[in-house]
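So the sequence lines, in the order shown, correspond to chains A and B.
Per the UniProt record's numbering, residue 1 is the first one in the first sequence, and the count goes up by one each step.
Per the UniProt record's numbering, residue 1 is the first one in the second sequence, and the count goes up by one each step.
Everything labelled a hint here was simulated from the structure, so no lab data went into it.
Treat the hints with care, since some could be wrong.
In silico DSSO-like pairs for lysine-lysine, Cα to Cα no more than 30 Å straight-line [stated by the list, open to error]: (1) A:K101 - B:K163; (2) A:K120 - A:K47; (3) B:K114 - B:K194; (4) A:K47 - B:K246; (5) B:K246 - B:K179; (6) A:K47 - B:K242; (7) B:K163 - A:K68; (8) B:K261 - B:K242; (9) B:K179 - A:K68; (10) B:K179 - A:K47; (11) B:K179 - A:K101; (12) B:K246 - A:K68.
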Amino acid sequence: MSRFSPYDNNGGSCVAIAGADYCVIASDTRMSTGYNILTRDHSKIYKLADKCILASSGFQADMKALQKLLAARHLIYQHQHNKQMSCPAMGQLLSNTLYYKRFFPYYTFNVLGGLDNEGKGCVYTYDAVGSYERVGYSAQGSGSVLIMPFLDNQLKSPSPLLLPAQDAVTPLSQSEAIDLVKTCFASATERDIHTVSSRVLFLPKYMVYLMFFFLLPVMPSLGNVENVAF
Amino acid sequence: MQRGRSDVEELAEDESGEELLLSSDRSRQAHITSSSSAEASLRLAFAKFQSTVSAHSPMESNQAKPSLLASESDSQRTLSPYVTGTSVVALKYKDGILMAADMGGSYGSTLRYKSMSRMTPVGKHSLLGASGEISDFQEICKYLDELILHDSMWDDGNSLGPKEVHNYLTRVMYNRRNKFDPFWNSLVLGGVKKGEKYLGMVSMIGLSFVDDHVATGFGNHLARPILRDEWREDLSFEDGVKLLEKCMRVLLYRDRSAVNKLQIAKITEEGVTISQPYSLKTFWGFTAFNNPTAGAEGS
């Protein structure tokens with residue numbers, strides 16, 4: 001009799017790219033368990049603060065609990081400090097929250113994206129127990145192994161070991177970055193069963209301007225004519 | 001403690017080399033492979049947690065065998081379900097939600113109970129259906145009764161809607177899973193409040209989502225594809241019932257724990273109606289069934 005396991009992997013991928021004055025955060029919307037699809041319309045993105053958005057993939061129940069916890073902590077912060085939490089602050093909070101459960105981890109692979117205090121795009125990438133790093137772009141989730149090398153090739157981020165430290169944010173424009181992310185999902189969908197590109201949620205951030213739109217399916221062979229755009 | 005530490009390392013080494021097949025309880029058939037280092041570190045952390053749990057258990061000192069994990073006989077928690085219900089299927093239709101569940105309670109492979117109602121109204125706006133361990137379902141009903149009671153005692157003119165109840169159930173299931181003492185159920189929660197229809201599901205590890213149609217257990221494999229193909233917005237009541245019956249019939253043919261006695265429940269703005277139990281017509285007149293041993297050796 002196999003043991004009860006408290007974990008499950010619900011698949012999906014998340015990507016974030018930081019630019020000079022924007023940050024693009026995207027995720028697919030498929031939730032699966034094993035080889036089954038549970039639902040096709042479940043967002044993995046959650047807005048924590050004005051300038052801070054969390055995208056996570058992994059075990060959905062842990063994702064939900066983590067989002068609720070961070071939202072509650074953010075509310076307390078707002079009451080105590082009379083301002084929104086900045087993205088770097090939220091980044092630290094998330095890391096600490098994850099490490100708090102070091103010995104029964106949140107099975108979530110997170111990417112935190114937003115604008116830092118100077119208005120530059122910032123992306124923080126995490127593992128399940130809270131190790132984190134500020135980077136110029138990141139991908140997490142089941143498709144990350146397919147997306148990350150592609151981003152490395154396209155964005156050619158300077159090595160973090162260089163001195164003086166060079167900026168990791170991409171010089172691309174916002175629309176170019178969005179196109180790049182669309183290509184990422186299209187490619188990941190080809191080979192990762194847990195990721196689909198027929199519906200991708202985008203949150204490009206230009207200051208405080210938020211926009212949502214869905215992606216056209218790139219593979220006509222699927223016969224999928226879902227086509228929602230505005 | 002010395003022994004405990006080396007056992008952990010052993011366990012970690014053991015696990016990192018193999019695939020873990022999770023219990024094939026109803027629809028959960030995930031394979032976890034430790035291909036990524038993140039997952040391996042997760043497993044190591046998990047193994048460490050397991051060892052600390054069992055090392056501090058008061059039963060451990062009495063045991064003759066030095067087992068790392070407490071055996072099933074020691075544990076007071078549900079580690080495997082006993083009396084279980086099979087699938088629940090539900091969909092949104094024009095006026096609200098339609099939900100169907102059969103009335104069987106299986107004790108392993110015996111169809112022990114044939115009049116278990118696995119659906120129940122919750123408050124004024126919701127309907128709960130459950131598959132899995134029946135006793136856990138009854139316990140959840142008690143919790144929900146208390147929740148609804150306390151809500152009505154506020155006497156503030158507001159009543160908990162399906163979204164609130166769904167959230168409550170998700171938190172309850174998740175918290176039980178955190179304590180390694182799950183309610184062994186897959187719950188379907190549907191309802192209508194102020195004209196808004198809501199249909200969601202919660203699994204035994206706290207996984208929750210909403211959708212236009214849901215199914216638990218075998219229904220996920222057999223009924224969901226039918227629903228994906230034939231469900232559409234604003235089904236009439238008759239069409240909805242026909243679609244549900246189609247799904248239940250397939251389950252009846254193919255799920256060994258299904259019984260041919262089902263109820264269909266409907267919830268609309270007006271309230272909940274759970275139908276009287278009835279049977280579906282089945283057809284067995286296929287030529288292949290007429291003389292099943294034809295051509296077989298010794299027939």
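For each hint, the structure was consulted:
1. A:K101 - B:K163: Since the Cα atoms of A:K101 and B:K163 sit roughly 28 Å apart, the hinted pair holds (cutoff 30 Å).
2. A:K120 - A:K47: holds, 18 Å
3. B:K114 - B:K194: violated, 36 Å
4. A:K47 - B:K246: Roughly 41 Å separates the two Cα atoms, so the pair is violated.
5. B:K246 - B:K179: Not satisfied, since the Cα-Cα distance of roughly 39 Å exceeds 30 Å.
6. A:K47 - B:K242: Violated, at about 41 Å.
7. B:K163 - A:K68: holds, 16 Å
8. B:K261 - B:K242: Roughly 16 Å between the alpha carbons, so the hint for B:K261 and B:K242 holds.
9. B:K179 - A:K68: holds, 19 Å
10. B:K179 - A:K47: Holds, because 29 Å separates the two Cα atoms, which is no more than 30 Å.
11. B:K179 - A:K101: With a Cα-Cα distance of about 13 Å, the restraint between B:K179 and A:K101 holds, given a limit of 30 Å.
12. B:K246 - A:K68: Since the Cα atoms of B:K246 and A:K68 sit roughly 39 Å apart, the hinted pair is violated (cutoff 30 Å).
In summary, the numbered hints that this structure violates are 3, 4, 5, 6 and 12.
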